[in-house]
Structures are given as structure tokens and as C-alpha cells.
Amino acid sequence: MAKINEAVSYFGFEETFSLKVCKDIRKEILKVKDEEKEATFNKYFSEIKEYYQENEYSDDEELIAADFAGESSEKLTDDYPEVDFEQYGIFAAVEGIAVPGDEEEPADDDKDEIDAEPEKASSKKEDVFGDDYSFIYTPPAYAHKHDNAESTKIYINGELLGSCEDPVSFTQEMRQKRRNGEISYEMNITYYEDNNEIYIFNDPGRARRPLIIVEEGKPLLKEDHLNKVANGKLKWDDLVNNGLIEYLDAEEEENSYIAMTLADLNEDHTHLEIDPATMLGICAGIIPFSDHNSSPRNTMEAGMTKQALGLYVSNYALRTDTRAHLLHHPQTPIVKTRIIDSTNYDSRPSGQNFVVALMSYEGYNMEDAMVINKGALERGLARSSFFRAYDTSEKRYAGGQVDKFEVPDKNIKGYRSEDAYRNLDEDGVVNPESEVESGDVLIGKTSPPRFLEEDFGTVADRRRETSVTVRHGEKGIVDAVLLSETVEGSRLAKIRVRDTRQPEFGDKFASRHGQKGVVGLILSPEDIPFTEFGVVPDLIVNPHAIPSRMSIGQVLEMVAGKAGCLEGERVDATPFNQDLEGEIKQQLLNHGFESAGCESLYSGVTGERIDAEIFVGVAYYQKLHHMTTDKVYARSRGPVQVLTRQPTEGRAREGGLRFGEMERDCLIAHGAALTLKERLLDESDKYEAIVCENCGMLAVYDRNKNKKYCPICGDVETYPVEISYAFKLLLDELKSLCIFPKLVLGDKA
Amino acid sequence: MEEIINKVKDVIAQLNEEEDLGIAFPDSYIEDLAEAYIKRDLTDDELCELTRRLKAAYDRAHVEAGEAVGTVAAQSVGEPGTQMTMRTFHYAGVTELNVTLGLPRLIEIVDARKEIATPTMDIYFDEERRNDEEFVRTLANKIGKSTINDVLSDFNLNYGTMEVEAVLDNKKIEEKRLDREEINAIIEKTFKKATINNDNIIIPSSKTDKSDSKFEIRELRLLADKVRDLQISGIKGIGKVIIRKDDREWIIHTEGSNLKEILDMEGIDHVRTTTNNIHEIGEVLGIEAARQSIINEAQNTLSEQGLSVDVRHIMLVADIMTSEGVVKSIGRHGISGEKSSVLARAAFEETGKHLLNASIRGEVDDLTGIIENIIIGQPIPLGTGSVGVKMDYKNE
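Protein chains in written order, with numbering that gives the first Met the number 0: chain A, 0 to 748; chain B, 0 to 395.
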């Protein structure tokens, strides 16, 4: 084999090697009459020939070529596999980051060397890491041979790359290189002592956060730097590039000891928080007093805040999002956090400040329901718009046929009622500001017939109606009509329908503390309890929502919100800010309120003072995009599926409500045989099958002759049997599998 | 008391005769009646009335014909099952002993696994010996597995002479209440070349003739492992043994189980000694015992999780599992797979297989079950659907 390889490299064959190529080369050599070359050639040629004969290869040239190709690929896997250093990115790292060092890309002949001699390859790698690199870097194919307990396995992005002998100094060194800027700052390295493995990550999708680097108990970021930042002489990137601040991912955090504040700092710490609140992301950072909440509530809120309606973009009037919600009068929260400031939440807010009373109201706010002030709603509280965009274009078909925007003619196939087209203009597109409801046509459109048939009368020639209608269950006002062209140049119409959503029963709201609930009662303001000053709360929330969930942050937010209102100032409630509580209490006292935020309320109905002191405050509430109008649904009769004749599924398809397996089990358990049959058969896919008495197969009814007959046995006695259509389908399917299901009929017991 | 019981029995007999009530109370009921008769100082008429009412209440408590007991049992076991945490390993009773509990155990029981994850035994002793610590400890060492490794004081591999040198610790042997002679006998029996010199045992490697030295060292090491793992006492299938003193008596818990051999031993309480391996109980004590074992094990796993399920549901499950003389599982390989109806089997699992086999054999489905009738859309033969009308057309 070695000889052959030698030969290959000697003659520099680029393509697959074969005897034929050898012969060709020989001819070439003979022409030039180079004796030396000829001799070498003959030597190799005979070797090659011998090799194939030895291995009982046929003389067939193609086979040999194929064999050789296979052989060479096998050889590649046997040898040291080529490691693409760039791929691992230790040196180059993620795109967009400068390649550290001046490592040249290995030349082609260098690569050959790597192929041949693994030892050289590893020495080469040492160069990459600097001269005094002591660890031995082993490629994957060799990793298993170094299975002694002391060497630490190194994984890059979860892939085993090699091992090293001194994991602690290796990780240290790598980190140092990252801080020096030799390695991308996006790399993170973790050494797990317990299983003696090193993990290096530089792939996308890791959550990372910045921390101040601490050395010998002192943060590297000094007062001096801060001043420079304030003067604009230093930028954030400079702090990172100079190795003062670094980003850690979840893995590397495991290797670090992070001090919360400067005061906590000791010799052992590796990092210092820039601010304790930086451990929170955008969603969790929006929560005021989140350090006073139980963690599940914070998690829930972090999820819910994404569902809140707000000012999602400022150019919404120019956009045609398929679905969009827009809150009408968004407010900036009175109680804010520093993360709110730094994420510009105030310019895209998603909620409003509600005056909230914590009390029960006739049971209309039990189990997380809430009573909402009708007066406030009519003044626009929590009102939102829902936009839906519809679009279609005049498609072109093969044979020069095209769709056409028009008010469809009455004799068109699939013509709707005249009423459905009432809002269309002459061009077949709705007029803006017309009120539309589900089923109304927005863009009148006709399409050519599906199949062109040869002179089959007028029926097949008719164009089809393919208008775009308002979705089932939706209504609104045509907000905008946009006429344009597609890339192909055909006419395109986009229509945006707007629907105003005043809060109604069942609409979902949430505070910023994972306290979600639905509207249980819309109450006239005159019936709502009012305070001494005549303040009528916007919202009445049940106090049972608080203690078991331990969302104390909500209580604090309400007090702080109240104080903020009285002071006319916003309150900063960034978590881990200790001494805010006393200040707020004092502010309330200064304005003549009780420090705890409790007040006497007077019943709106009777005017009597309510015995209990009631906690009233201001909290930022979010309207979530789960609204009753999008969900209410009922069905008695409606469409069925073609295949099974069972009701369709889903609200959008006007489907049935599933009577599932467990529901079925309950009826069985109750012995309610006839109710069960009603659910599963009569109200679903009841079918009257005609069964041939003779063969037990399904018979056929001939409407023309008004006669039932069996397709197998002919004119024999048949009986009607009530079965589910699904069962008839099962019988058909069995027949298609060459299984003969036979129904043996008997009298009903 | 005896008199009163007889009196109650007389009253029942009388009622059966006069009013044709067909009373057949269990003995405990009769005892309760007798007790009430004394305690409440009832007259004979009152006893009569009480018996009548008891009969009415007794009948009312009976499951009615056409009741969907299976479904109700399934729901009653299934619902609390959803509340059980999937993976719960607990240290039941004694520490050290790890026993599968919770949902995995319940699944194990219902699946009628042959090889359960953690077989254990609770061994009780008869009245004379339940407080005899010495006896219990001796027995525990006899039952529990010990190897040479447990009684070593020194152990060496001599690469020069290619020998394994083991030094036994007499103290440990004594502690374990093992017999020195027996150990020697076992060693000699297993290793023919072994030379025993007091506490020193020397076992030469058997393959010294091979010239390859690497091979030899490997051989020696294997031998060393073999020597260390040589079992010198214990019953097959039983591993670790834990001795525990209850309030009143000594109990042995074992890891692994071998009911047959344990029951054969002297001084064992044959009534209370048990294993958690249902199949083993079935083999040793018979199917009725297996049924009771299913009930006990299922009830214990449920109650251990703080769930209470009426025994009768579990009894139904156990009855179905053991009704054919062997312990069958619930599911594809057991009860559900052996239903008579093709449609019912096909509806459960392996649809294709059942339909194909049924068509090959020309099976006939009588449509008497629940599932079949739901499939074809007929009222199910249960509850309301279990009654039919029969007409006597001769009288027409």
C-alpha cells in the first residue's frame, strides 16, 4: 500500500488511480525517453499490478479504479483525521470577530504532513498556543488512547476534541487569552472538577451576561474608568476589549464566585455584579420589586409580559401585519425599574396604571376574576384595536387565464348571497371605513374554471368565485385598502380590518407580578366603593390572590404607585434596592394617608362605610391578548369532514366540541348507554348501511330504479343497519386489505 | 356470647323461612348483630327488624348488575396515579435498602413483571426465636451473601511467583458467624491448587505455562477477582441483609429474594414472612396468595404516597390478573391481548396484527363487549343498555 501511495504522490495523480492511467503515463514517459523516470515507473507499475493480483482483483480497469478509490478513502480514516481548526473557532471564533494572532492558514503541503505524521501536528498546535504550552493536545481519533485518569477531556461545543494534563492552568490561560483579546470574547470555558472535563462553548444561542472581573479581591473596573465612560472617552466595547468586563454563560458561571456588591467582595471572588439587577433579562427586569416576589411568580410574569398589548411599533398605520393588537392609551408605569429605563420601555409601553382596591366584591372576583369599572372602560381604559390584514392577487394560470378582481356575476360558480358583496366598490375591492362582519366579501375575485373541458356545455365554462371574505367569527371596520402589484406584475390587494376591543367579560389582565385574572364583572362606577376623597378604583382584585402566591412585590408596587401619584413622581423599584420601603411609607404619611396604604371605603350601593380597612393603591396592569371575542364558541349543527362524516375540529372551522376518550369512559362508568350512543353516533357520524343478507357485505341503493341490491349476490334481501360511518370506513379499509368482513344480522334484542 | 350468636342465627333462619329474604351474612355481621343485641338491650322484635334493615342495607351496598365495575376501578386507580410522581425512589422502612416505590412500582405490579427492579423480603421469626438476637444474627449471615473479600485482613498479588496471597481475618469470620472449616472447604473445592496454611491462603495462577507474560498478568488479576468474589455463604438470589429490631421483635430485610428456601429454614414465621415478588409467591404459595400479594403491594404503594384507593378496586384488578391460575399482566401481553373480541383487541394495540390473524382464522365477533359496540355504534351492554325486552309470543 505504501508503495502505491508513494507512487500516487510521485506522479501527482489528481483523479482516481487505475492501471489505465498508469499505462498512459508510461507512454508519455517513453516519448520523452527519460530513463530514470521510466525505471521508477516500471518499479511502481509492477508493484501496483502485483498488489491487485495478490488481492485477487480482476483485470477489469473500472473495478480496479473503484477499488483503489475505496482503498484510499479507507486509508484516510485510518490515519490521523484532518482537524479544521477554523471550524472550532478557538482561534478564529465566531464571524465578525477579528482573528487573533497572525496564524497563517496551513499550506496544502502542510496538510499532507499532518495526514502522514500526527506527532508533527500536535507540535504544530503547540505553536498556536504559545511556546511554553505544556499540555498535550490530542486529536479525537487518539483521545481514547489517552484514557488515563489524570488527563482532562476537552469538549468544544459538545464535541470531544482532545485532552489536557493541567486543566486548571489551561482554563486559566484560556480565560486570560480571552481577556487579552487573543480569543473571541464570545468564548466561554468551564472546567468541571467532578467529572474532570473541560467544556468550551462558542456557538450561538447561549444566554450570556456581563460581569466585572475581580482579581485579588479588587475589581478591575476602577473609578477612573467610570469617569472616562461618563466623559464619553470609553465605550462599553472598550471595557470588554480591555478585559475589565467579560460575558459569562450559564456554564462558566458554575466556575465563578460572583459578589453581589462591592461591600461583599473578598479574596475568593472572581467577579462582581455590575448591578445585582443585571442578572435579570428584559422581561423579568420589568417587574418592580421582583426581589420581594416568589420566584415562580417572577417566571410567570416574565412569560406573561410578552402577551401584553401595547404600542408594538410606531408605524403600525403603515403596516399590514396579518394579526396585530394595539393598546389605545398606553401609559408609562409609575413604578419603574432601571431596566425599564435602559430598554426604552417607556417609548413602547404595554399597560396602564390602574387604581386597584384589594377587596372582595359579591363574589364576582373570586378565583382570580376581577371587577372592573365600567366608567373607566368607557373613558378608554384598557381599550385596544385588533388589526387583521387580508390579501390576494390576480394570479395567472397556464393558457393565458387570469383571476379577476370584480363584483362577481350572479351566475358564477359558488356565488354568495348578494348581501355579502354589498360593501364592494365597482373594482371589486371594499371601500374603506365600511363595517364588515364574518362572511362579508372584502375582495371580490373570480378564477377561471379548474379544468377546461371540450365543449361540455355551459356548466364547466363558468368561472369560480374565489373572493376573500372576513374570517369566521370576526368583524370590524375596513381600516385601510392597499392596491399594489406583485413581483410578477399582477394586481395585489391588501385590506386591513380593524376591530375595537373594549374590555368585556372574560378578557385577561395581569399585573406585573404573575397575577393574572379575567374580568368577572363590569360594574357601573356608582356601585363601586369609593374612598374618603371620592376616588373610585378602576379594578377590584380579590385579596385571596396574594398570600398563597407570595407576590409581595405587587403589594409594594401598589403602595409605591400610590405614593408616586401623590408626589407626582415616578418611583424607581429596581430589585435589590433595600431602603425604598421606609421612604415610601413616609411619603404616604406626609400626604395624610396611612403608611400601609389602607383606606376606609364607602359602599357605592348603600353609601355606608365598609367596616374593614381596604388596601388601595396604583398598579400597572397589562391587557393580555387572550380575549373572549376570539374564543367564545358553541355549535349545535355544522360542517362535517368528508372522509369520516364526523364533525370538523376547531373553532375556525365551526367544528364540534370533542367528546374525548375520558369523557366516553365516564359515560361508560355511569352505565349511560343511550347517552353514550347519542354522543358517539347520533350526534356524530350516524349512517344507515344496507347489508346484504346473503354475503354480509354492504349493499347498494339504486336511486334511479329505487331498488336496493347487492353488488355481489345481485337481487337479494337487504336490511338497513344503523352503524357509525367510521365503522363503514373500517369495513371498506379491511376489504381493501383483502380481508372479508362479514356482517351477520340478527334481530335486535 | 355464643348463645346470642346462635340466637341471631336462629332469627336469620326464621326470617329466611317466613319472609324468604335469603339472608346469608358473613360471620362478622352476625357477631356485630349479637353485640348490638347485648349493648343496646334489644327486644327480639327489634332484633328481627334490625336484621331486616341490615339485609336491606347489605343489598343496597351490593354492586348492581350492569355496573361498570372495571371502568370505575380503572378510573379510581388511574386518577390518583396521575398525582404520583413519576420517579420516586425512597428508603422504605430501613435505610440502606432501596426499594422501588410510587408509580414505577405500581406499573411493575400491574405489568406483572417477572424480573422486578428491587426484590426484597421481610423475614419474621416464630415465637420462640423472635427475640433471640444471636439466632437472628446467625441466620442473617447464613442468608446474606458474604464473599472472601468480606473476611480478608490482607490480600496481595505476587507477580514474582504468580500467586494470589490472601490472609483471612478470624475476627471478621467470627463476627459473621461463619465456619472456618466450611470456608476452607469451599476454597479448596473451587481452587484445586490452593494451599491453606492457617490464615494464609496461596492460590497459584493456573496458566503459568504460557510464555506471554502480559497474558499471564491478566490471568492473575482475573484470578484475584475470582478469589475475592468467591461466595462463602448465603442463599441464592439474596444479597445484602439488614437486621432490624422492631418494637417487639427482630426482623430481617433482604435485598433480593428467595421465598422457597427461606421458608424451608428453621425458626421462620411462615405466616408473616413475605417477599415483594408476586410471581415468586404465586409459584411457592399458589395463585390465591399471589392475588393477595398483588392487593397488598398495590395498596401499600398507593398508601405510601398518601393516596387512598378503595381496596375493592384493587381487588378487582388482582382478581382479573389471577383469574386463570397464573399471574397475567394488564395490557397487550395479558388481559387486553386475550379479549375474545377482535374489534376490542384491534382497538387497543397492534391493530394490524389482530385484524390479520382474525381474518386468517375466520374469527367471529359476537359484539358482546363494550368497545365493540362503541365502534359499531350500538348501545353498550352495560347500565341502561344491559336490559332488553323478551316477548313471550306464545301468549300473543
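Errors might be hidden in some of the hints.
Calculated lysine-lysine pairs in the BS3-like style (CA-CA distance at most 27 Å, straight line) [stated by the list, open to error]:
1) Lys352/B x Lys734/A
2) Lys338/B x Lys734/A
3) Lys305/A x Lys630/A
4) Lys352/B x Lys741/A
5) Lys225/B x Lys244/B
6) Lys741/A x Lys338/B
7) Lys704/A x Lys727/A
8) Lys727/A x Lys352/B
Honestly, the hints are just simulated from the structure, not real lab data.
### Query
Checked against the structure, which of the hints given earlier come out wrong?
5
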